[in-house]
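From first to last, the protein sequence lines are chains D and Z. Taking this note's numbering, I'd label the letters of the first sequence as residues 10 to 289. Taking this note's numbering, I'd label the letters of the second sequence as residues 3 to 334.
Just so you know, the hints here were simulated from the structure itself, not pulled from any lab data. The C-beta atom is built at its ideal place from N, Cα and C for all residues, glycine as well. There could be a bad hint or two in this list.
[Claimed, not checked] Covered by chain D, per the in silico footprint, the following chain Z stretches (three or more residues, Cβ under 8 Å):
id, region
1, 62 to 74
2, 142 to 153
3, 293 to 302
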Amino acid sequence: MGRNPYLPYPARIAETVIENESRDIKTFRLAFEDPGSAAEFRHLPGQFAELSLPGAGEAPFGIASAPTEGDGLLFSIKRAGVFTAELHSLEPGAPIGVRGPLGRPFPWERMPGKNLLIVGGGFAFTTLRALIKQLLHPAQRAHYGSILVIYGARTPGELMYRSELAEWQKRGDISVHLTVDKADGGWQQHVGVVPAVLEKLKPGADGALAIVCGPPIMLKFTLPALASLGFSEDAVILSLEMRMKCGIGKCGRCNIGGKYVCKDGPVFTRRELASLPAEY
Amino acid sequence: MTEKLLSLANLDPWLARLRERGSVYAPGTDQAGEVALREWPQPEPLVLDYKNFREPPKAFFLPRNQTLLYFRDGKTVELNSAVPETFLFGIRPCDARALALLDRVFLDGDQNDPYYARLREKTTVIALACAQAMPSCFCASVGSGPGDGSGADLLAVALESGLLFRAGSGKGEGLLAEAADLLAEATPAAKREAAERIQGVTAQLTPVPTADSALRLRGSYDSPLWGTAGQKCLGCGTCSFLCPTCHCFDITDEPDRRVRTWDCCAYPQFTLHASGHNPRPTPKERWRQRLMHKFRYAVENFGVPFCAGCGRCIRNCPVSMDLRTVLKELGA
Numbered sequence: 010m011g012r013n014p015y016l017p018y019p020a021r022i023a024e025t026v027i028e029n030e031s032r033d034i035k036t037f038r039l040a041f042e043d044p045g046s047a048a049e050f051r052h053l054p055g056q057f058a059e060l061s062l063p064g065a066g067e068a069p070f071g072i073a074s075a076p077t078e079g080d081g082l083l084f085s086i087k088r089a090g091v092f093t094a095e096l097h098s099l100e101p102g103a104p105i106g107v108r109g110p111l112g113r114p115f116p117w118e119r120m121p122g123k124n125l126l127i128v129g130g131g132f133a134f135t136t137l138r139a140l141i142k143q144l145l146h147p148a149q150r151a152h153y154g155s156i157l158v159i160y161g162a163r164t165p166g167e168l169m170y171r172s173e174l175a176e177w178q179k180r181g182d183i184s185v186h187l188t189v190d191k192a193d194g195g196w197q198q199h200v201g202v203v204p205a206v207l208e209k210l211k212p213g214a215d216g217a218l219a220i221v222c223g224p225p226i227m228l229k230f231t232l233p234a235l236a237s238l239g240f241s242e243d244a245v246i247l248s249l250e251m252r253m254k255c256g257i258g259k260c261g262r263c264n265i266g267g268k269y270v271c272k273d274g275p276v277f278t279r280r281e282l283a284s285l286p287a288e289y
Numbered sequence: 003m004t005e006k007l008l009s010l011a012n013l014d015p016w017l018a019r020l021r022e023r024g025s026v027y028a029p030g031t032d033q034a035g036e037v038a039l040r041e042w043p044q045p046e047p048l049v050l051d052y053k054n055f056r057e058p059p060k061a062f063f064l065p066r067n068q069t070l071l072y073f074r075d076g077k078t079v080e081l082n083s084a085v086p087e088t089f090l091f092g093i094r095p096c097d098a099r100a101l102a103l104l105d106r107v108f109l110d111g112d113q114n115d116p117y118y119a120r121l122r123e124k125t126t127v128i129a130l131a132c133a134q135a136m137p138s139c140f141c142a143s144v145g146s147g148p149g150d151g152s153g154a155d156l157l158a159v160a161l162e163s164g165l166l167f168r169a170g171s172g173k174g175e176g177l178l179a180e181a182a183d184l185l186a187e188a189t190p191a192a193k194r195e196a197a198e199r200i201q202g203v204t205a206q207l208t209p210v211p212t213a214d215s216a217l218r219l220r221g222s223y224d225s226p227l228w229g230t231a232g233q234k235c236l237g238c239g240t241c242s243f244l245c246p247t248c249h250c251f252d253i254t255d256e257p258d259r260r261v262r263t264w265d266c267c268a269y270p271q272f273t274l275h276a277s278g279h280n281p282r283p284t285p286k287e288r289w290r291q292r293l294m295h296k297f298r299y300a301v302e303n304f305g306v307p308f309c310a311g312c313g314r315c316i317r318n319c320p321v322s323m324d325l326r327t328v329l330k331e332l333g334a
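Excised from the complex, chain Z in its bound form (with noise of 0.2 Å):
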């Protein structure tokens, strides 16, 4: 694993080298004075240390609409336009993270899912690690941390003076060799900031009780605590939308193509068969569903959560459902 150091005065020099190889996007503020991923470049400066983005990068691998298949003619054909490169710098690694957890659905070996597959191929992760942590994180307590490089192709670490890259992948490891020129060896003090940097951030994290939850869960599937939560979800679906690893589809027609949209096991219709049957028909199931789908059901089929410990769905359900909450129950 390579690590090398950038200083900051060569950022922009790198980022525009990216630039000619394809479409960068970056931290910067958006018209609504929010912390986005950006097209870079942008008049206003970078933003480091931004605590998260309100959405996460999920839709530049999974678009909120996607066309699958043409209708032409009388045929149903794949009409595919080139996938541009793509980079992303400077995601959390929460975020990063989760790219890993979605590859393990749509990357499977079994049967790869080639839309997915070519933005994947297409895209280059660079994550950045946190510089603080919200009250809502918890990527700790599922395994990741501000820290983790796991889906990322680079890992940054903000310095005093610069990043300090680790490269995670082939492609990181490449991206390192062709910026050689722009790059230092990185010091062992660099090492020793980034590393207390990192220690920093997760010590201001709350611990969650995670690790065990596929035993607990799969004890408490009748447990009266569904009932409660599901009487104060809404069924609005913000916490799935807005989730890293929530990636459940829908495919439906439109008159000249057929088109992967975004959908929530939130929903009442999700389940609901023709004949009018519907394995999952109040919203009890349902909010057992996505909370079960993610820390018993994936642990399971993955050995691991699907959760990056973001904590969006706490942030910004609009009558403050915490799923931490909901495990602590469940385990007491």
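Only chain D is shown next, with the shape it has when bound in the complex (with noise of 0.2 Å):
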């Protein structure tokens, strides 16, 4: 029998950092024990992980670092209930565990020669980071047409991962737009909800692919915005969230229809979602 599926690997926290000015949303750079877990622990960007404190449980969250960021994971976790708030509590050194890689990844096979449209909103922007970052790396890039980033929050200090948005802005081989519901005194930026700024930009839907991850309230109107575009359900990729325990397709807590979530998701197109009744 192979490695016990239940059981985490042993990390550390390396760092955090506070990524908005409410101070609720964290980045945990994890650094695993050892060597030999840091090499069986292979992810893509979309997959999630359970993260693990004894004593307090464990709760699943998606993986904002790409593999080609080297060993090491990357999570952003809003405070939100117990768990998190013990997460939030802990400094660099404190031990962690982490039980994964979990879920299918985004449909990274489709994406070669595709213009990608990529949409975040609020918190849900972490997977989508991976997605990025996997995407500009030198030896990634060529592979794909254009890229293009949509992500929103209610207010400029929302946005997590400022200092890399900047850094994208100024690139010439992704295009990088910001929008926020409430602007303040320096926004220069976009101003209104996602699917305002969508169909603003128009992309083409031609040989395009729209990677989409938010709140459902965005996804309410982004997702009749992306049809309205000309893009098939097929080419609308979706990443959900539900409550979670085994991460393996047993506990039976995330399922939608005959789906699990934490297994034949969280990455669904939009079309495996149209059959699916509407329980997420």
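Using the hints, put the two standalone chains together into the complex.
Here it is as structure tokens:
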């Protein structure tokens, strides 16, 4: 029998960064305790992991780093419940367990030669960061067409990864459009919700894939906007969140119809979701 | 498939032989006067003509509380104590079939559950064909039946003078080979008697339309009947906990260990996100989920309903919910 799928790899918090003005989203850089774990843990953008704090429990989080960034993993986590409050209280050096990688990644094999539209809202941007980092890797970038990113948050101070976003905006091989619901004094970029920016930019749907992660309210208006731009249901890729425990399709918690978000997802095409009950 | 006869006089000596290898559980009367699976031997005699146990035997494979991992000196570790050899004699075919269904989830080959796998491997299942059906039984409507041997290593059929054994796995074949000196060849008359007894019980069952359930349920997601059912449901979880195929679980931490416990899709917290969002916010969605999971999603994923037709959910529901009625109404 192989490795016990419930047993986390031992790791440590190497670094923490507060991502937003509300100070409730932190990025944790984790380093595996032994090189063997790092070698075994081979993920792709879009996958997630269960983080484990002995005595506090486990919870699933999207992996915010790309494998091209080397060993170690990034997770950007909002303080929302008991587990995340415990996690936010930890300092660098604290031990933590990592179980994964879990789930189906973004459909990497469909992306070469395509124009990529990446649409994110709020703190769901984490796995999109992993995707963008992977796409921009020098050995990767030439395989793809144009990359257009639309990322929205409530206020400028709630955008995550701000220094990286600024770097990307200086590059010629990716176009990054940031938008906020409510601007502050110095804000020079879009104001308005993500779907409004999408309708303004009108990216072409021919030979393009749209990868979308965001809160339900953003999806509700973004999906019809993509459809009217001509994106087929197969060309729209989404990532879902569900309450999870086991992460390996046993505990019966995250299913939507006959699919388990943990192992059949969290990444689905819009066509796949259309055949499932709207229980998400 | 080997078939052998065990005389009633040889039943205790055979169980005693199994007892030398591990724990033996067999049907006996408990303190409350109910027939249950009890550690053998007991002062009271074995009971072979009981209907079924109140509780299914799933706790032998998925304990109510099971430690998955321990926290020791800052490390998360497995401390697997040796799993003892266990023999379950006399569970009913529906409950044995339920194990074959649970295997689809926990031994799916993709990512096997090591805890379930160990208990399943170390436990030998000897099913006992039913002697009579209850009004709430509907095993034959879900692809099973009073003589179904799937999920069991051995199926026994109680005859006038003894038990007819039918091997259902390599483990079962091995048991028969080891007990050769206690067994006799199965005569054509014994096989005929076994078939007649099983047919007799099958004839007592009332058919329920489940064969095309996946198709019907696909079209009935928005049916107002879910709301009606959800209004009646208390969300107590009795149906799930007594169901031999319900297997949803929670994983929680105690200070020194990580524990798996039974959970239930009828509970509002089951799917509640940390954000406060709940994909199944009311009893309506939760009741629909339970029935859909068993009769539509499982059929789509595994080709069989996740129901063994044991009827425990019907017999034990405090508000007399009956999934057969809902299935019938949805089909109407």
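Do the hints match the structure? See the list:
1. Residue count for the region 62 to 74 of chain Z with a Cβ under 8 Å from a Cβ of chain D: 3. That meets the three needed, and the coverage hint holds.
2. By the rule of at least three residues with a Cβ nearer than 8 Å to a Cβ of chain D, the coverage given for the region 142 to 153 of chain Z is violated, with 0 such residues.
3. With 6 residues bearing a CB less than 8 Å from a CB of chain D, the region 293 to 302 of chain Z meets the requirement of three and the coverage assertion stands.
Of the numbered hints stated above, the single one contradicted by the structure is hint 2.
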